[in-house]
Amino acid sequence: MAPIITLLTDFGVESTYPAQMKGVILGRCPGAVIVDISHGVPRHDVRTAAFMLASAASAFPEGTIHVAVVDPQVGSQRRMLAAEAGGCIYLAPDNGLLTLVAHRELLPCFGGGAARLVAVENRSFFRTDVSSTFHGRDIFAPVAAAVASGTDIGDLGPPAAGIAQFDFPLPAKADRNIDGRVLYVDPFGNLTTNISKTLLDGCDPARLKVRVLGAVIRGLSRAYSDVAAGALLAYVGSAGLLEVAVNRQSAAARLAADIGTPVSVSLAP
Amino acid sequence: MAPIITLLTDFGVESTYPAQMKGVILGRCPGAVIVDISHGVPRHDVRTAAFMLASAASAFPEGTIHVAVVDPQVGSQRRMLAAEAGGCIYLAPDNGLLTLVAHRELLPCFGGGAARLVAVENRSFFRTDVSSTFHGRDIFAPVAAAVASGTDIGDLGPPAAGIAQFDFPLPAKADRNIDGRVLYVDPFGNLTTNISKTLLDGCDPARLKVRVLGAVIRGLSRAYSDVAAGALLAYVGSAGLLEVAVNRQSAAARLAADIGTPVSVSLAP
Amino acid sequence: MAPIITLLTDFGVESTYPAQMKGVILGRCPGAVIVDISHGVPRHDVRTAAFMLASAASAFPEGTIHVAVVDPQVGSQRRMLAAEAGGCIYLAPDNGLLTLVAHRELLPCFGGGAARLVAVENRSFFRTDVSSTFHGRDIFAPVAAAVASGTDIGDLGPPAAGIAQFDFPLPAKADRNIDGRVLYVDPFGNLTTNISKTLLDGCDPARLKVRVLGAVIRGLSRAYSDVAAGALLAYVGSAGLLEVAVNRQSAAARLAADIGTPVSVSLAP
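Residue numbers (this note's numbering), protein chains in the order written: chain A, 1 to 269; chain B, 1 to 269; chain C, 1 to 269.
Next comes chain A alone, as it looks inside the complex (with noise of 0.2 Å):
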């Protein structure tokens, strides 16, 4: 089967550099199938991508190999990593990009499963000339063909102890609250909280209450069209999380809401 990977970069929908990289990966592994994740996430927004990579992740295969270079350090001491989790490998610098790939009980929907940790080292799996502001092209892409071809990630350097990790908000459940955040807003504006479905196990979606900024919703929806367009509504989105959108227009311009932003949640009684 035709090894899988995938790219996630902040460089651009318009720009050459992700096909530069695919220009490495294709010249070392041929059968290699690329697929971008996107190219699109906001520029050195290393929080955003983590999510993002997280959450695209987990529609991909097994043996998937995820490639992620949203890197404001490169060229700098920071180390590269590889990163084995739920039967994946991720090659990312360590910037805290893998956050929640490595630690998936911070978001149970993503799957389990403990990594293995590589600091990428072996410079003899990269190309010859390495510049030092494109490690993506000159060392991730040809990583990324050798671990596609058969290389085992141990074999790219030395084990690493522990990565880079975020800051990365904890849902806080007492009684019949939770107090949570949202994680990540998504190009329609669509808030994406760090709130699990299974912290609302038990309890009646049509009777919770959702409030973000001042604003209250009540009960879940399932369908951006079970409001009328321009009303708010919450519910469990693709990712298993709790999200608040507007129907047809942007949660996240309406209410002012960003990354960070509280978002509670009352269970009924």
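One or more hints might be untrue.
Pairs of lysine to aspartate or glutamate, EDC-like flavour, derived with a Cα cap of 16 Å [to be verified]:
| id | chain 1 | residue 1 | chain 2 | residue 2 |
| --- | --- | --- | --- | --- |
| 1 | A | Lys197 | B | Asp129 |
| 2 | B | Lys197 | C | Asp175 |
| 3 | B | Lys197 | B | Asp179 |
| 4 | B | Lys173 | B | Asp201 |
| 5 | C | Lys197 | A | Asp179 |
| 6 | C | Lys209 | C | Asp175 |
| 7 | B | Lys209 | B | Asp179 |
| 8 | A | Lys197 | A | Asp226 |
| 9 | C | Lys173 | C | Asp201 |
Honestly, the hints are just simulated from the structure, not real lab data. Quick caveat, the model's predicted, so the values are computed rather than measured.
Given chain A, work out where chains B and C should sit, using these hints.
Relative to chain A, chains B and C alone:
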């Protein structure tokens, strides 16, 4: 030969949603060749998507599976359809998206062929957990993978008697005049009308006049560069339909034209 | 090994035109691996496309077929070219797009090799119906599929004696000074100059000075993060050319610099 699956959505070129569909497809049909038609359909604009689908699909070989997900009613009781038309398979919500594909007589340039229609209801082809907001990943992607792997669309559900259609204007030809409308505005502001080149058969291209919102264009051009930069021109476009453009600028902006804008043609005696 | 075909156009990442090219290619060469270099070339900007093509193509393996369609004269009598350079094949309109590919001596970093040039005229490789406005789909795509299927470019038409070139500035080196210009502004506002790293050989990187529009940068950096956020830096970029950037911001915006802006380097004694 590897099956081709195309994707057309309004998920945005920067979102990870198209990638999630691809992960599901490749997990179930590893040999599929996936091609993005576009993920930049204006959000919820089913009418524009219907044109983009029909015009782009006509360039693909027989046997291609086209998946189109512009689906503001996702999660509601709207039907999902599988259609066979022109030797290809189309999967889409039943909201008008397939109007031009199923009724090719509306735009003869897209070729003929009656459509076989099936309501997609057989949950055995869906993912185990179907979210209420992302049927592209949880229903359309696995169904497309099943069809690409050899499943007949008759196995997807019961026959569907008809499909939802949006109101689709037909050009009116009388004497030496054709009254048509703008069907589609491309990203460059070129205006595609519903006036097929066959309606212009037998008239002298140099002597006809095209009228749009007060502007009069005399004669058909062949190339944008036949006129000065900034000048209006009319020509038979790449979809076999009359188009109006401004060389190196946007005709939509210049004329304040949009979908539905009347366009008339006077044929010379 | 599956043939690789790359596409570079100004059709826009949201349009369906690139997909239409892919449909035609896959219909004629089902095993082709198609890679987008970019569809976000600024509309009609042949000069920028020429740089994007040459810099991105250098990352692809020998045998790759590069199709570049930035073609404001489409439908006119402008020639179309097939070129062999550096073990790869290039297909493009003859409007300057191939300047840097055919004349690699202009930018030594892109490698050497004289070009074989052919005028693409043999209509037996074109689609049956060739539109006047979309030669990407009707001529370049089927010709690329033919070449990917083994057609020698000599069969595409007669030899072409020369190609259209845009005016390409060469850096001037005198004493301890190099006068160059900005060649390319990437989507992040980084400025790529025409000053190759070989021109800097033998000088102390820490002691040279780069001047752009009144700003003076002392010494070359290795990483963006070598300087504070918001500070200017100069470095040898991933194309082997001197670049000027602002860490985490746009140098083009900061300096009001654009293609053609003079950049000079003083080498230390």
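Verification of the supplied hints:
Distance hint between Lys197(A) and Asp129(B) is fulfilled; the C-alpha atoms sit about 13 Å from each other, no more than 16 Å. Between Lys197(B) and Asp175(C) the alpha-carbon distance is near 65 Å, which puts this suggested pair outside the 16 Å criterion. Note on Lys197(B) and Asp179(B): the hinted pairing holds, with a Cα-Cα distance of about 14 Å set against a maximum of 16 Å. Between Lys173(B) and Asp201(B), the direct Cα distance comes to roughly 12 Å. Compliance with the 16 Å bound is thereby established for this hinted pair.
With a C-alpha separation of about 55 Å, the suggested pair Lys197(C) and Asp179(A) falls outside the 16 Å cut-off, and the hint is violated. This hinted pair checks out: Lys209(C) and Asp175(C) have alpha carbons roughly 14 Å apart, not beyond 16 Å. Distance restraint check for Lys209(B) and Asp179(B): the Cα-Cα separation of roughly 12 Å lies within the 16 Å cut-off, and the hinted pair is therefore satisfied. Pair hint Lys197(A) plus Asp226(A) does not hold up; C-alpha atoms about 19 Å apart against a cutoff of 16 Å.
Proximity of Lys173(C) to Asp201(C) is assessed by CA-CA distance (about 12 Å); at most 16 Å being required, the pair is judged to hold.
Consistency note: the structure conflicts with the earlier hints numbered 2, 5 and 8.
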